[in-house]
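Engineer: Chain by chain, the residues run as shown.
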Amino acid sequence: MATNSNKTTDYKLTKKDFKQMNIRNLFFNQVGWNYERMQGSGYLYLILPQLRKMYGDHTPELKNMMKMQNQFFNTSNFFNTIISGIDMALEEKEGAESLETVAGIKAGLMGPFAAIGDSIFAALVPAIMGAIAANMAVQGNIMGAILWMLVNFVIMWFRWIQLKFAYTQGVSLVNEMQGQLNALTDAATLLGVYVVGALAATMVNTKIIYVAHLGKMTVNFQDKIDMIIPKLIPALIVGAIYWMLGKKRMTSTKAIFIVIIVAVILSALGILGKAA
Amino acid sequence: MGTGIAIWQVIILTIYSMYQIMDELTLQTSLSQPIWAGIIAGLVMGDLKTGLVIGGSLQLTVLGVGTFGGASKIDANSGTVMATAFAIGTGMNGQVAVAALGVPVASLMIQTDILARFANTFFQHRIDKMIEEENYKGIERNYLYGYLPWTLSRGIPVFLALAFGGPFVRTAVDYMNTNLAWLSNGLATAGALLPAVGFAILLRYLPVKKHWPYLILGFVITALLSTLYGNVSLLGTTIAGIDSKFTTAFAGLPMLGIALIGFALAAMQYGRTVKEQQVVAAKPAASATDSNEQDGEIHGDEL
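If you read the protein sequences in the order shown, they are chains A and B. Under full-length UniProt numbering, think of the first position of the first sequence as 1, with each following residue one higher. Under full-length UniProt numbering, think of the first position of the second sequence as 1, with each following residue one higher.
A portion of the hints provided could be inaccurate.
[Said to hold, decoys possible] One-sided excerpt, in silico: chain B residues whose CB lies under 7 Å from chain A:
1. I35
2. L60
3. P207
4. T222
5. L228
6. N231
7. G236
8. T273
[As the list claims (entries may be wrong)] Just the calculated beta-carbon pair ranges, DEER-fashion:
9. M143(A) with I15(B): 22 to 30 Å
10. K275(B) with K67(A): 46 to 54 Å
11. G170(A) with A251(B): 36 to 44 Å
[As the list claims (entries may be wrong)] In silico DSSO-like pairs for lysine-lysine, Cα to Cα no more than 30 Å straight-line:
12. K210(B) with K129(B)
13. K275(B) with K12(A)
14. K129(B) with K67(A)
15. K67(A) with K275(B)
Simulated from the structure, these hints should not be mistaken for lab results. Quick caveat: nothing in here was measured; it's all calculated off a predicted structure. A virtual CB, placed ideally from N, CA and C, is assigned to each residue, including glycine.
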């Protein structure tokens, strides 16, 4: 592997390079997202100035590298620069000979990082921060939304520092982090499940409005249900939708419309209503 | 009732909806979330409170929707902008606006999102050509052209709907409030129910089978406490109505407190898992991968 016949200009990345890559990542990542290669052109755009410095303009090496870096790529936009950092460390060391290794590393890492990045940053953080922000918002309080933005700025800081970190740690990084990441995902998903339980109990404002009149006796169903456990109806509704989403060819959009239609019907029949 | 939507309001909301999609793709400051769409549209329309309620409501509806990698999702942000603008502009009930306007607009805009992602394929191929020609500036230029499809996919529909939808929506609202009371009640109920969809989607993406005891814990702790808090504050308002000397106000159940209990539970689990893995790591390396597989439920869900 480590033959020294790499046809590079022996350029070493500087602080300025990392800053440039980070700015390109934070402000321009995914601008070119398309169905064919997804973040493909974005990956190239992010490291293009560094590639040009490493291989020199108008060299066949640069052209080959650009072609490879412009292929299909898609991963979590919170972890993508970890892959770029490892890539840069490799290319700096082995030059154009790293082409196949880099292509392999990109393809091999984008899946795992997409999975963990999506489960934490696309699902959990928006779920928890969104729940807190929405809960405060419906009471007329803007602080939850501001808190969410602050959290996202902290996340941005992590996105900024991870590039340099990945570059210095190089390839060994992924193996080392694996165990900790698993434990973190486990704890984070636990918190997610717990919070959804809490949300079901507070944010689904509905109740049975049907009151049966049997002769002189009236039966208020909601009162009876509250004696079993409060908020049982919201829990059952979430459960029913959860079951429905498991059906084949069911999408979230379809589910939303089914819920709207069923709610209008049940409300028109005087069974279900909005809780105060 | 409402005073309609002025042209300057249409323009600011259009610019915001163009900005939000770029924020979603790049910085992710949370400004692209429905909650902020509600706040910004509320401020522009001059009624922050309505904006907060509509934004909060749509935020809950899409809680779990963000998880699909690369797939188009319903554009709850534009839906919120629309629902908030028309609710304030035409005096529509907030919950009705969410179900009757917010959700349909949000799901219609999946189509423009798909269009944008297709359009960018064109620039991707232009970049191929620029690489062949070694035109480095051209590569960067064609990459940044991606701004056009993305921003227009949000800006055009939002502008058209806000600019020309007003009279139509107002007539529909008047009719619904008078002749179709059952429908607007139903839509209000639907609006209250929609968050349940968000929660259910989220559960589909979380390892419920593994963590189900925590689902029960979260639900029961919150159901009991929120009933207690609700009843106490109801009692407080009632007594204050009878006796003017009673001035104590009771706050609602703080969600952050509930979340912190969950955080503590998660921290304990983290400690346990790390300890388990250290025990495993001490054993021969071959068995390490096996035990990782055992608790790998999330991986199965992800695939």
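Engineer: Determine for every hint whether it applies to the structure shown.
Structural biologist: How the hints compare with the structure:
Because the smallest distance between the Cβ of I35(B) and any Cβ of chain A comes to about 5 Å, under 7 Å, the interface hint for this residue holds. Taking 7 Å as the C-beta cut-off, the interface hint given for L60(B) holds, the closest approach to chain A being about 5 Å. Interface restraint check for P207(B): the shortest CB-CB distance to chain A comes to about 5 Å, inside 7 Å, so the restraint holds. Hint status for T222(B): holds, given a least beta-carbon distance of 4 Å to chain A, under 7 Å.
With a cut of 7 Å, the hint placing L228(B) at the interface with chain A is violated, because the nearest CB-to-CB distance is about 9 Å. A least Cβ separation of about 10 Å between N231(B) and chain A goes past the 7 Å threshold, and the interface hint is therefore violated. The closest approach between the C-beta of G236(B) and any C-beta of chain A is roughly 15 Å, which is over the 7 Å cut-off, so the hint fails. With its C-beta approaching chain A no nearer than about 4 Å, T273(B) sits inside the 7 Å limit, and its interface hint holds.
At about 26 Å, the beta-carbon gap between M143(A) and I15(B) stays in the expected band of 22 to 30 Å. Under the hint 46 to 54 Å, the C-beta atoms of K275(B) and K67(A), about 47 Å apart, fit the expected range. Roughly 52 Å separates the CB atoms of G170(A) and A251(B), a value that falls outside the hinted 36 to 44 Å. Of the pairs offered as hints, the one joining K210(B) and K129(B) is violated, with about 50 Å between alpha carbons and a cut-off of 30 Å exceeded.
Between K275(B) and K12(A) the CA atoms are separated by roughly 40 Å; this puts the pair beyond 30 Å, and the hint is violated. Of the pairs offered as hints, the one joining K129(B) and K67(A) holds, with about 10 Å between alpha carbons and a cut-off of 30 Å not exceeded. With a C-alpha separation of about 45 Å, the suggested pairing of K67(A) with K275(B) is violated against the 30 Å cut-off.
Of the numbered hints listed earlier, those contradicted by the structure are 5, 6, 7, 11, 12, 13, 15.
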